[in-house]
Amino acid sequence: MALYQLFSHPAERSYRAGLCSKAALFLVLVTALTYIPPLLVAFRSHGFWLKRSTYEEQPTVRFQHEVLLVAFLSSLSGEYLTWSTFPTFNQLHGDNVRVSMMMAREEDKNQDGKMDMLHFRLELPLKPTEHVLGVQLILTFSYQLTRMSRFVMQSMAFVQSSFPVPGAQLHVNGDLKLQQKQPLKYRGVDTRYNVSVINGTSIFASDYNLKSIAAAYYERNVTTILTDSNPIWLVGRAAEAPFIINVIIRYPMEIISYYPGFWETIKFAWIQYVSILLIFVWIFERIKIFVFQNQVVTTVPIMTQEENYKEHLS
Amino acid sequence: MPWQRAGRPLSGPGGSCGLMALGPLKLLVLPLFFLAGDAGGQTQPSPSEGAPSWAGADPPGVRLREAGVVPTDRLRPAVASSFESVWGRHFWFWGFSDTCSCDLTPNSCDLNCCCDDECYLEESRMIFKDCLPGSYRILGWKCVDPSIMFQSNTPFHVETLMIPDSGPNFCIQVKNPILNYFHHLQKVNETNIQSLIKNFGGKSFFSEPPPTPTYSSFYKAGDPIVIYFPKWSLLSLLKHPTEIGPSGLCTDNNAAKFLENGHTTCTRFFSNLTSSCTTDPSLTVTSYHNFMVLKVPKGVIDLKNMQVPITLTSEPILPQLDGNTCYNVVSQVIYEIETNGTLGIQKISLSFILMNLSGDPGAAFQQHFTIRFHTFQRRRPAVPLVRSGNPGYIFGMPLLVLKGDTSDPMTVLQSHSDGSCSVNRRKVEFGVNMMTGCKFRIENRSCDHLQDEIYKTLNAITSPVYIGIMGNSEPSHRGHWVKAFTQNSSALAKNCTSCCCIPFSLEIQILWAYVGLQANAQAHVFGGQYLYQCNFITLPSSVEEVFLTTFVSFTDITKKPEFTKSQKETKWASIFSSPSHFLGAMNGEKESLRSLSASAVLLCVLLHGFLGLEIS
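Chain order of the listed sequences is D and C.
Each step along the first sequence adds one to the number in the UniProt record's numbering, with nothing skipped, and position 203 is 203.
Each step along the second sequence adds one to the number in the UniProt record's numbering, with nothing skipped, and position 74 is 74.
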């Protein structure tokens, strides 16, 4: 009758020697070589400690209904018209202020409680003799991220555009993108930039200077910018028609980089370390078996189960 | 995780066998598992993008029973979109809504409104390309093969549907807008209207009421200064006209800031000077002193004792019109204010400079406004000396040179609007490399004369030049100045008698370094060199003009201390100190370093234990 291997199991063999023997020294050396080099390999091949990571989140953006408009007219003396939602700013500009009609609607397209886009329309009344050649427009937003750290800031969308021919309408269609010079924290509350872009309560002209507003804003490490490099100008304005600015701003999903926390860093370091360690463990296991089986270092080999068997017999 | 187990039979080949064995518990969790898949960021078909289009296609034969929910005759469904994922097949069906929200014109057919009864259409797809979003409602179904699952004990509505091209499917309805309502209706009344607006409303164009002015007991730096017009019994703020807007026109509404010296220049534009000359307040002296300044803001309570009159340093002359010219127009206004700590303003004096302005008829001119604050009874000189740093130079401040017995900013030539060498010279700023140039006319001068002229144009100060070592170098102190070397470098010397070597460029090299504590390093100038590059020309020259250029370069010769270098070079030591960003949250770097290395050791020991490699 033919025989088949139905079952098998590995037998354990122990090797005994003194603690100060060559074998013990060999084992200490091998253990050290097994565990320390993988750490060095993982570290020297860079990226051992995770320094920044990213996540995806749609920010909670709300239009603050703060608007500042400067429209440049076609004249050599630099005539302009302006209008804003800041009473002091309007007062400072005196005769150059032209009260404009503004409309704004924010839309939550997918009903997830977060606004997805802003429709903004501004109609600047113009005399038949006035012609708009350029526009500077600031809209301010409150911007919130909540998934990792609770990040709150007041941000702005700045539109600056000009056209060589007197315009009738300006159409801007872009995304309000987050710009990070520095990763965010992975937890906690971050309200560093929760200060208004334009200090609307100030009575001093220097606080409404576009140059200083922009300088202070871009000094921040986290800002938003409006990505529409090519606003569309329409020409051919009727004599009494206002100059129309149509702005559509979307609040898209953002990829936000952040500093990973302690456990995340440890987790990624552990993954790298263990994956390299397994190879070392396997190699040194082979070496140890070879060394002990062939008695390269002197030990007393004992077959554990044989011993038990013998004990039973006796 | 029970739902993970339920998920496995779906994807595995032996799915049907596996799921039937799982029992009712698994059946209950399966729909939840579908929902989890739905929540995982599937985009819902938005009305704009997913309008069902039936043009040129037969309606898919889908039997959709919803007894008691929707009248069957109004529900003409079709599969609008479907896709397959690891979670099963997803279908969205379109049924016509009960309320036809796109029917906006009664008694006539609305374009693309498929549910409009006035269109009298058997099949709306016959003439309409698309159906408007208001025409239908979306029913979302998640379907699997009926062999995998055939029974559900969940609250979700379940149907076995015939799907085109895939046969019968066991479907669970996860989205039925007809069963969902916006509930908890808010009741609005007089008492809760404000709180509702506050709780639900975001920001709007509503303007916030202006803050009521508060009058503190003394001025702080940066506060506006309160003034009082006795003529009209009117309180206001002291104005400091400044430029505003892109064109730099004057605004008269800007308030002056207490203790902040300021000088502004702005443009006034008059379309018709003859009418504005005597009427425009900005041109007359009177409008700059017809008020009283209050000592402290709280003086509004005690107006009599708290007023400080404005003293005039010169006779005020009113503007007069003569022909097209307006005489005695205010061109510069200077307020000198003396303050005494919290006691406020003690004295205010006004001086002004007048000019004549002609316009035909429009005119534009620049006005200057200066406000200077002094501590009481200690007047500062009219033009205060400004240091370039104390003691080290500040970047961007003028570089000092010794000119006679005074310190003067180093200057280099600059060109006039037509490109010729200008008499006005440009200041050299510390740390800022420069290059300027201009065109110089030769004009048949003798060689010596020409060289003299060019040297003078290139360098206003006759050599030797002494450069201030520090930003606060005193002219009387010889140790504060370092002599700059002067060198003439000429191209190949021509052996001709009529040749003249003219310096066509000047290279100024300044060597500086940081001195002192690293925490408060001071930039000192250690030396400089004036290098004239010469070129030979024959006189009389055929060329009329030569280009003169000046270069200024600053070289940092700071030697960094050794220990800062060694700190950067430790690589191996930083193996446990790299993730410094989260370590900042802990108490100090060293503690965290210890905890990290401890965790790494622990990591090794644990591994050793796990893998059973014991030293017996």
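Accuracy of the hints is not assured; some may be wrong.
Said to hold, decoys possible - Below, in silico cross-link-like pairs of lysine to any residue (SDA-like), each with a Cα-Cα straight-line distance of 25 Å or less:
id	chain 1	residue 1	chain 2	residue 2
1	C	K203	D	K127
2	C	K203	D	M117
3	D	K114	C	S476
4	D	K127	C	L185
5	C	K203	D	L76
6	D	K109	C	Q186
7	D	K114	C	K203
8	C	K203	D	S196
9	C	K203	D	R105
10	C	K439	C	T462
11	D	K109	C	G201
12	C	K347	D	K127
13	D	K127	C	S275
14	D	K177	D	Y217
15	C	K403	C	L385
16	D	K211	D	V70
17	D	K127	D	S196
18	D	K114	C	R445
19	D	K211	D	V99
20	D	K109	C	T462
21	D	K109	C	A364
22	D	K127	C	T251
Unchecked claim - Partial list, computed: chain C residues near chain D (C-beta under 10 Å):
id	residue
23	E118
24	E159
25	T212
Simulated from the structure, these hints should not be mistaken for lab results.
We treat Cβ as the ideally placed atom computed from N, Cα and C, and that holds for glycine.
Quickly compare the C-alpha distance for K347 (chain C) and K127 (chain D) to 25 Å and report which way the hint goes. Not satisfied, since the Cα-Cα distance of roughly 48 Å exceeds 25 Å.
Given pair status - T462 (chain C), K109 (chain D), alpha carbons within 25 Å: violated (75 Å)
Taking only the CA atoms, is the gap from K109 (chain D) to A364 (chain C) under or equal to 25 Å? violated (53 Å)
Please verify whether K109 (chain D) and Q186 (chain C) have alpha carbons no more than 25 Å apart. Given that 25 Å is the threshold and the Cα spacing comes to 23 Å, the pair holds.
For a C-alpha distance cap of 25 Å, please report whether K114 (chain D) and S476 (chain C) respect it. Roughly 70 Å separates the two Cα atoms, so the pair is violated.
Does M117 (chain D) lie within 25 Å of K203 (chain C) when you go C-alpha to C-alpha? holds (16 Å)
Restraint check for K203 (chain C) with R105 (chain D), where alpha carbons must lie at most 25 Å apart: Measuring from Cα to Cα gives roughly 11 Å; hence the hint holds.
Quickly compare the C-alpha distance for K127 (chain D) and S196 (chain D) to 25 Å and report which way the hint goes. violated (34 Å)
Is the shortest C-beta separation between E159 (chain C) and chain D less than 10 Å? violated (25 Å)
Would the pair K114 (chain D) and K203 (chain C) pass a check requiring their Cα atoms to be no farther apart than 25 Å? holds (15 Å)
Straight-line Cα separation of K177 (chain D) and Y217 (chain D) no greater than 25 Å? Satisfied, since the Cα-Cα distance of roughly 15 Å is no more than 25 Å.
Pairwise hint evaluation, G201 (chain C) against K109 (chain D), where the allowed Cα distance is 25 Å at most: Cα-Cα ~18 Å, so holds.
This entry does not satisfy hints 1, 3, 4, 5, 12, 17, 18, 20, 21, 23, 24 and 25, going by the numbered hints stated previously.
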